[in-house]
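Protein chains: 4
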Amino acid sequence: MTERGLKIATIGGGSSYTPELIEGFIKRMDVLPVKDLYLVDIPEGQEKLNIVTAFAKRMVEKAGADLRIHATTDREEALKDADFVTTQFRAGLLDSRIRDEHIPLRYHKIGQETTGAGGFANALRSVPVALDIAHDMERLCPNAWLINFANPSGLLTEAVLNHTNIRAIGLCNCPINMINDMSQKFSCSADDLFLDFVGINHLIWAQKVLLHGKDVTAEAIEKICDASSKEIMANIPEVHYSPEFLRSLGMIPVSYLKYYYLQPQMLEECLADSKSKGVRGEVVKSVESELFTLYQDTDLKEKPEQLARRGGARYSDAACSLIDSIYNNKKDIQVVNVMNSGCNLDLPENAVIERNCVIDSNGAHPIQIGHTPLKIRGLLQNVKVYEQLTIQAAIYGDRDAALQALTIHPLVNSAETARLMLNDILSENQAFLPNFA
Amino acid sequence: MTERGLKIATIGGGSSYTPELIEGFIKRMDVLPVKDLYLVDIPEGQEKLNIVTAFAKRMVEKAGADLRIHATTDREEALKDADFVTTQFRAGLLDSRIRDEHIPLRYHKIGQETTGAGGFANALRSVPVALDIAHDMERLCPNAWLINFANPSGLLTEAVLNHTNIRAIGLCNCPINMINDMSQKFSCSADDLFLDFVGINHLIWAQKVLLHGKDVTAEAIEKICDASSKEIMANIPEVHYSPEFLRSLGMIPVSYLKYYYLQPQMLEECLADSKSKGVRGEVVKSVESELFTLYQDTDLKEKPEQLARRGGARYSDAACSLIDSIYNNKKDIQVVNVMNSGCNLDLPENAVIERNCVIDSNGAHPIQIGHTPLKIRGLLQNVKVYEQLTIQAAIYGDRDAALQALTIHPLVNSAETARLMLNDILSENQAFLPNFA
Amino acid sequence: MTERGLKIATIGGGSSYTPELIEGFIKRMDVLPVKDLYLVDIPEGQEKLNIVTAFAKRMVEKAGADLRIHATTDREEALKDADFVTTQFRAGLLDSRIRDEHIPLRYHKIGQETTGAGGFANALRSVPVALDIAHDMERLCPNAWLINFANPSGLLTEAVLNHTNIRAIGLCNCPINMINDMSQKFSCSADDLFLDFVGINHLIWAQKVLLHGKDVTAEAIEKICDASSKEIMANIPEVHYSPEFLRSLGMIPVSYLKYYYLQPQMLEECLADSKSKGVRGEVVKSVESELFTLYQDTDLKEKPEQLARRGGARYSDAACSLIDSIYNNKKDIQVVNVMNSGCNLDLPENAVIERNCVIDSNGAHPIQIGHTPLKIRGLLQNVKVYEQLTIQAAIYGDRDAALQALTIHPLVNSAETARLMLNDILSENQAFLPNFA
Amino acid sequence: MTERGLKIATIGGGSSYTPELIEGFIKRMDVLPVKDLYLVDIPEGQEKLNIVTAFAKRMVEKAGADLRIHATTDREEALKDADFVTTQFRAGLLDSRIRDEHIPLRYHKIGQETTGAGGFANALRSVPVALDIAHDMERLCPNAWLINFANPSGLLTEAVLNHTNIRAIGLCNCPINMINDMSQKFSCSADDLFLDFVGINHLIWAQKVLLHGKDVTAEAIEKICDASSKEIMANIPEVHYSPEFLRSLGMIPVSYLKYYYLQPQMLEECLADSKSKGVRGEVVKSVESELFTLYQDTDLKEKPEQLARRGGARYSDAACSLIDSIYNNKKDIQVVNVMNSGCNLDLPENAVIERNCVIDSNGAHPIQIGHTPLKIRGLLQNVKVYEQLTIQAAIYGDRDAALQALTIHPLVNSAETARLMLNDILSENQAFLPNFA
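Protein chains in written order, with full-length UniProt numbering: chain F, 1 to 437; chain V, 1 to 437; chain B, 1 to 437; chain S, 1 to 437.
For the record, the hints were derived by calculation from the structure and aren't laboratory data.
Check each hint, because a few of them may be wrong.
Identical copies look the same in the list; a pair holds intra-copy or inter-copy alike.
Unchecked claim - Cut-off 30 Å, straight-line C-alpha distance, at most; resulting in silico cross-link-like pairs (DSBU-like, lysine-lysine):
#1 K277 with K57
#2 K35 with K214
#3 K214 with K80
#4 K208 with K331
#5 K330 with K208
#6 K185 with K331
#7 K330 with K223
#8 K185 with K80
#9 K285 with K80
#10 K301 with K214
#11 K62 with K277
#12 K57 with K208
#13 K35 with K62
#14 K285 with K35
#15 K57 with K275
#16 K57 with K27
#17 K275 with K185
#18 K35 with K80
#19 K285 with K214
#20 K331 with K301
#21 K331 with K214
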């Protein structure tokens with residue numbers, strides 16, 4: 001990192017999340033000397049990119065920050081000598097997401113952006129894009145850190161770490177949201193709590209909840225059992241566990257686990273929603289449209305409240321916090337996606353896991369887990385295998401791996417349904433899947 | 001093993017399978033000097049035991065074998081100084097099996113004797129019985145071999161190996177049936193073939209099919225794809241894989257895997273069958289009734305053909321063959337259930353697996369596998385975790401483990417359905433589950 | 001931990017190190033509310049215990065600390081409801097150490113307190129004592145933390161963690177001394193450095209030296225190669241590595257590794273020393289005698305400088321620092337001895353390792369290592385096996401394990417020498433080895 | 001394998017061992033249709049090659065075998081479409097071996113052809129040769145089996161398996177000699193015995209000795225303790241274990257383990273021998289010279305008795321037996337060097353081990369071991385690390401790895417001695433070590 005200050009490139013810079021990222025850098029300007037921020041997007045995103053860039057510049061100006069915002073569709077220019085690259089792209093844009101969420105519903109299966117058959121389609125499109133970016137980085141900024149929060153975040157991070165030489169860390173807002181949710185339940189600050197996470201992206205559990213170091217897991221479970229309790233995730237339907245189930249689990253599941261544990265109920269919700277207000281992608285599309293209208297208001301010079309409704313709240317702040325700890329060699333603990341290397345003895349060494357890590361200038365160092373509790377081990381192992389087959393399918397255009405990946409996914413769980421959905425996915429995503437040509 | 005010849009105790013001796021066992025010993029009388037065979041049963045089985053014993057004596061007499069058949073309900077007498085103990089008991093008898101198969105159907109889930117919620121209920125009842133037998137053996141015949149073919153065979157073997165000091169080997173007729181089926185497809189003798197098995201009981205795949213050492217797996221798959229192809233398992237409905245799926249798998253799945261891969265179709269078959277002819281347990285009940293009528297015919301002195309329809313064909317012959325190889329230190333290769341100990345690197349060391357083993361006087365020695373192919377690894381790991389949770393539930397009456405075991409089983413896959421089914425299972429099996437009192 | 005403040009029991013309280021421990025608590029009195037400190041010793045140590053206790057009380061009084069010092073030979077009284085137990089006992093006292101160091105020299109092998117045949121003899125005596133203490137703790141203070149710095153520290157910690165239910169953490173001053181030594185070399189503060197340790201107690205390497213997060217390992221090696229460089233360990237003879245060797249290693253070895261890598265030279269030094277000034281135990285004996293004369297001076301109210309020459313400098317401060325982080329849930333990083341649980345993938349899960357750990361109220365959580373560099377893996381694995389055999393020998397009086405442990409130790413490396421030394425060790429330590437009676 | 005019969009290429013065909021190989025093929029001519037045997041050697045070996053070839057032809061003629069012997073220095077011609085390739089080359093010829101054995105003695109260390117510093121030098125020369133052959137095979141006969149018995153056999157096999165696509169199996173006569181030796185001790189046939197081997201080439205132990213399946217290990221140990229007992233290995237000095245040591249070990253060590261366990265005594269023998277009759281290489285040189293004189297006798301048409309004195313007896317017969325089992329898909333059990341893949345859980349997956357394997361047309365399939373007994377684990381792990389560092393050094397000319405490999409080898413065990421010996425080895429072998437240029 002040079003004296004000139006940091007250069008950061010944000011792929012998918014035209015995203016509605018970008019203002020949160022800007023806010024994050026502004027908040028840290030005393031400790032994190034970002035000089036140049038390149039917002040990169042594809043030509044199809046030029047309009048949004050322009051809106052976001054103009055808004056970002058107003059935010060920076062108002063804050064009096066010494067931070068130059070650059071908008072570009074030339075990824076090479078942005079990556080050249082960058083110190084950090086953040087990725088928040090969506091391969092195929094929102095229209096693809098909407099397709100991803102509809103196809104499974106046709107077969108009476110859950111359609112979701114990051115998991116199940118929808119997440120699978122998303123992964124097939126996104127893995128080649130992530131690898132492309134990382135290969136560009138190998139040429140243009142081989143020592144830069146890749147901070148990925150494109151979805152499916154853990155899977156993409158694993159693809160990059162196993163198939164390129166780039167140092168990548170994957171991010172998700174779920175852990176930080178779980179901690180914040182818990183801090184509300186215990187009326188304490190997030191710093192008073194430690195959640196001991198085990199799992200992979202969108203499939204994690206807090207094994208233990210510690211309040212000032214004291215184990216309050218059982219208490220936390222009771223608080224969740226309390227039906228009045230409300231979750232933070234805007235994008236996940238409200239369906240509740242039976243207290244009996246949660247107590248027998250003895251851990252706190254991430255919201256996404258409802259898709260697994262409460263599959264029939266969640267499917268009904270998804271189907272009902274898709275009829276009333278459209279699939280989540282369609283809802284997001286209209287939220288985004290509102291946001292961009294708002295962003296065009298030249299009087300707006302701070303991140304608007306409405307962004308919180310978007311679903312990905314705290315994603316970008318998590319990214320800034322991670323960059324801060326790397327740059328400043330902070331040795332604090334954050335929950336990120338890193339190479340397993342034996343941290344979780346029940347997953348392969350080359351799998352990416354989501355885990356409490358010590359963050360310093362050399363990256364994220366997971367705190368040893370050992371063995372996974374038996375109660376969650378099988379589900380976790382099965383979904384990781386799905387991910388590894390999917391990565392293989394995406395990279396090599398391996399249709400056999402693709403069919404087997406879909407078949408064993410707990411949200412599909414049928415060879416014949418998998419076969420039919422795979423046909424739909426491949427044909428409807430043809431434009432984005434050259435590997436399967 | 002003493003000069004007096006071998007003493008063998010068969011727990012569940014009143015079973016309709018016993019004549020096959022008798023035939024097995026008669027066939028081997030030149031190489032396997034069985035002197036005393038104790039058929040043990042519980043008082044409720046006294047009548048069947050008498051019928052089978054009388055029939056067995058006629059078989060022995062006709063063959064001119066020097067083999068004494070003893071019928072008893074005193075297990076201690078039978079176990080005392082035994083050389084081999086074979087187990088073919090059914091905890092709770094056929095009526096329990098029928099219940100096991102009905103409960104899941106109520107919730108639109110597959111009801112099956114050895115897997116899913118039905119197999120789970122069976123395991124809860126059977127694990128304590130298996131451990132009881134093994135504990136008796138620790139006192140009465142600590143050096144004897146336990147040859148288990150009670151179901152669920154692998155799970156019970158694992159419980160015994162991890163919780164007692166008895167040397168146990170689990171048996172199943174599936175591998176031998178798959179080999180025989182394949183030999184018909186290739187019009188060759190079973191000895192010409194080698195199927196390289198990976199998996200656990202009722203969840204195995206032949207990774208490779210070798211004919212005279214040559215890899216003919218792809219050919220074997222094409223033969224299975226041929227719709228006219230007929231499977232051997234009498235107890236599994238006929239539903240077929242798509243060729244696309246089988247080719248993408250690239251391995252030969254055991255028939256039971258249809259319950260997993262073709263779950264919706266199999267469920268429909270099970271539901272239809274249960275309405276037309278009753279669940280499998282009910283069919284078996286009438287088959288058994290016919291068999292026992294037959295066995296009472298004092299002119300009958302050989303195993304009748306009808307036994308083959310019973311579903312467990314070749315089970316008992318596999319047991320005799322195993323005993324032969326142990327007694328005679330044969331060093332041949334048989335497919336049995338043994339402690340993993342790292343043979344399959346993707347399952348715990350203390351898990352029981354089903355695998356090609358070298359059999360000698362010191363037992364069954366698995367041929368190293370290494371890693372499981374990714375395509376089948378996730379399903380395999382998940383079901384093994386289910387098994388380990390179920391063993392824990394059965395031994396300690398651990399209701400939490402029970403609920404989590406059922407929830408993650410791919411044939412249940414729902415926390416709420418699992419909760420409801422568990423309530424039914426526990427209340428309807430109360431008499432057989434003192435650990436849950 | 002109760003409102004009354006903390007109760008701490010120090011086994012081997014009459015040690016000359018105790019004043020450092022007192023100083024450590026005094027320094028932290030604002031953050032670590034120690035109310036009662038029990039100094040426990042055996043009757044043979046009563047005199048020293050009295051001297052140390054009186055001195056400790058003067059230190060406390062001068063500092064104006066609210067800390068009560070208790071001296072006792074009744075271990076039960078001291079352990080009852082303790083919050084922390086620290087162990088600094090020496091089984092068999094200094095005379096045994098002197099014997100440990102002499103016996104190997106007879107056979108032209110290195111005699112050392114913690115490693116080789118000398119450390120082996122020490123372990124045989126100390127393991128039963130450590131287990132005794134831990135078993136007492138199970139009755140009297142089951143939730144207390146055992147902070148062990150009795151030698152061999154890692155081996156004793158492993159024995160306690162695998163054979164009792166007590167939460168134990170092992171300490172050594174080597175890592176902290178290496179960090180301090182390096183901070184002198186780089187003219188920086190210890191906090192600016194991070195040494196990434198891999199290994200086990202007295203057999204660790206700093207894989208990497210980071211200065212403000214930047215990798216300066218190669219520079220650090222050059223600084224060590226500089227012959228003028230001086231190590232801190234008072235108790236290890238000065239013999240130097242060739243620059244060629246250190247560069248090829250690419251890591252920083254702990255001083256004790258000279259016994260392994262430079263065995264012939266170190267042996268010559270040990271032999272020469274033993275003739276000129278006596279073995280280290282004899283030197284220590286006279287240092288201790290001076291210290292106790294000093295401690296008796298009623299004008300002395302602070303830790304005297306001379307203690308630093310004693311060899312174990314910073315041990316006690318490390319203990320206070322660890323207790324502080326546990327009590328205050330600090331989440332800082334310290335290098336301690338903990339259960340491996342897969343942190344180092346090349347050592348058994350049940351082995352104790354020395355590693356950078358996050359310390360909080362739930363103990364020490366190692367940062368994942370993954371695989372050990374090949375260059376050090378073999379030596380590390382071999383010595384860990386030696387340790388595990390030695391623990392087995394000590395607990396069960398297993399003479400076969402003892403002979404094999406000694407034989408394979410790199411500082412013995414001969415079956416016949418091992419046999420002869422074992423005879424000497426067992427006969428000369430008879431009074432301390434009831435398990436071998 | 002074509003109808004024309006098998007083509008076999010023997011690299012190092014001019015070796016004095018070749019007649020045993022010829023005899024092996026002649027003995028099996030009914031079951032193993034070898035049509036063409038190519039004896040390949042380097043130009044320096046032309047004279048010996050001619051002598052051996054002529055003798056081989058006489059042997060074949062006398063036996064009336066339909067086997068064509070070809071002598072060539074054109075390796076490509078020999079490898080083209082071969083079915084099996086056997087390697088018995090010695091890189092640098094006997095003069096290099098003599099150097100290998102002398103250098104360590106200068107430093108008062110054991111000089112041995114396959115282990116310690118001598119074996120290390122041999123490995124540095126031989127690894128590139130073995131890889132060269134395997135790379136040629138990739139072009140010329142990619143499906144052929146490489147049967148390696150060049151030394152160090154396990155290490156070379158590991159290099160080939162990890163760095164080429166060739167299917168290789170390593171052979172050694174030690175296991176077969178141990179079995180034969182034991183059969184003499186028990187006055188039984190070799191087939192009555194089963195030795196359960198664990199370890200790596202020249203560092204194996206028989207964990208158990210089974211006679212007709214019965215554990216007679218303790219008896220076998222007593223037989224070895226009997227001082228009158230004589231070992232078979234012609235090339236290893238006679239030095240004896242103490243009964244106390246052997247009993248505490250509880251296993252049967254291969255003769256080469258005396259270099260480790262009885263290092264001081266063996267060193268004395270080696271030094272004495274080197275003065276009286278020369279190092280082993282010098283002895284072999286004169287034995288070979290006698291053998292070649294003998295081979296020139298045109299009346300000699302069968303393998304002469306004197307060959308047995310050569311040290312490598314039964315090597316070639318083991319090779320023929322292995323080829324027979326592969327060709328005929330025999331599924332018998334032989335002890336060979338294969339990829340570990342988890343068979344031994346205490347060695348890396350990518351390490352080659354020596355183990356009882358089932359041999360069929362698809363190669364050698366190790367019988368699962370699980371964990372290594374603790375008593376031998378450390379030594380085994382350490383020497384395997386030495387091997388892996390040595391392979392790395394040999395392939396990449398990595399001098400750092402070389403120095404560390406030598407340093408940690410138990411027969412060197414000193415950084416400074418390693419440094420000095422490495423200098424000698426590299427300079428005296430310059431002609432054979434282009435990677436280190």
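A quick look at each hint next to the structure:
Taking the closest pair of Cα atoms, K277 and K57 never come within 30 Å of each other, the shortest separation being 35 Å inside a single copy and 75 Å across copies. Taking identical chains as interchangeable, the C-alpha atoms of K35 and K214 lie at most 30 Å apart only when they sit on different chains, with a minimum of 22 Å there against 42 Å within one chain. Proximity of K214 to K80 under the C-alpha cut-off of 30 Å is restricted to the inter-copy arrangement: shortest distance 22 Å between copies versus 47 Å within a copy. With identical chains, the CA atoms of K208 and K331 are at most 30 Å apart both within one copy (22 Å) and between copies (16 Å).
When the C-alpha separation of K330 and K208 is checked against a cutoff of 30 Å, the pair qualifies both within a copy, at 24 Å, and between copies, at 18 Å. When the C-alpha separation of K185 and K331 is checked against a cutoff of 30 Å, the pair qualifies both within a copy, at 28 Å, and between copies, at 23 Å. Proximity of K330 to K223 under the C-alpha cut-off of 30 Å is restricted to the inter-copy arrangement: shortest distance 27 Å between copies versus 33 Å within a copy. When the C-alpha separation of K185 and K80 is checked against a cutoff of 30 Å, the pair qualifies neither within a copy, at 45 Å, nor between copies, at 37 Å.
Taking CA atoms no more than 30 Å apart as the test, K285 paired with K80 passes in neither setting, with 32 Å inside one copy and 65 Å between copies. For a Cα distance limit of 30 Å, the shortest separation of K301 from K214 qualifies neither inside one copy, at 42 Å, nor across copies, at 38 Å. Taking CA atoms no more than 30 Å apart as the test, K62 paired with K277 passes in neither setting, with 37 Å inside one copy and 75 Å between copies. For a Cα distance limit of 30 Å, the shortest separation of K57 from K208 qualifies neither inside one copy, at 43 Å, nor across copies, at 42 Å.
In this assembly of identical chains, the alpha carbons of K35 and K62 lie at most 30 Å apart only when taken from the same copy (16 Å versus 55 Å across copies). For the homomeric pair K285 and K35, neither the shortest alpha-carbon distance inside one copy (32 Å) nor that between copies (63 Å) is at most 30 Å. For a Cα distance limit of 30 Å, the shortest separation of K57 from K275 qualifies neither inside one copy, at 40 Å, nor across copies, at 71 Å. With identical chains, the CA atoms of K57 and K27 are at most 30 Å apart within one copy only, with a shortest distance of 15 Å there and 51 Å across copies.
In this homomeric assembly, K275 and K185 never come within 30 Å of each other (Cα to Cα): the closest approach is 33 Å inside a single copy and 50 Å across copies. In this homomeric assembly, K35 and K80 come within 30 Å of each other (Cα to Cα) only inside a single copy, at 14 Å, whereas the closest approach across copies is 60 Å. When the C-alpha separation of K285 and K214 is checked against a cutoff of 30 Å, the pair qualifies neither within a copy, at 43 Å, nor between copies, at 45 Å. Taking the closest pair of Cα atoms, K331 and K301 never come within 30 Å of each other, the shortest separation being 33 Å inside a single copy and 38 Å across copies.
In this homomeric assembly, K331 and K214 come within 30 Å of each other (Cα to Cα) both inside a single copy, at 22 Å, and across copies, at 13 Å.
Comparing the model with each numbered hint stated earlier shows that hints 1, 8, 9, 10, 11, 12, 14, 15, 17, 19 and 20 do not hold.
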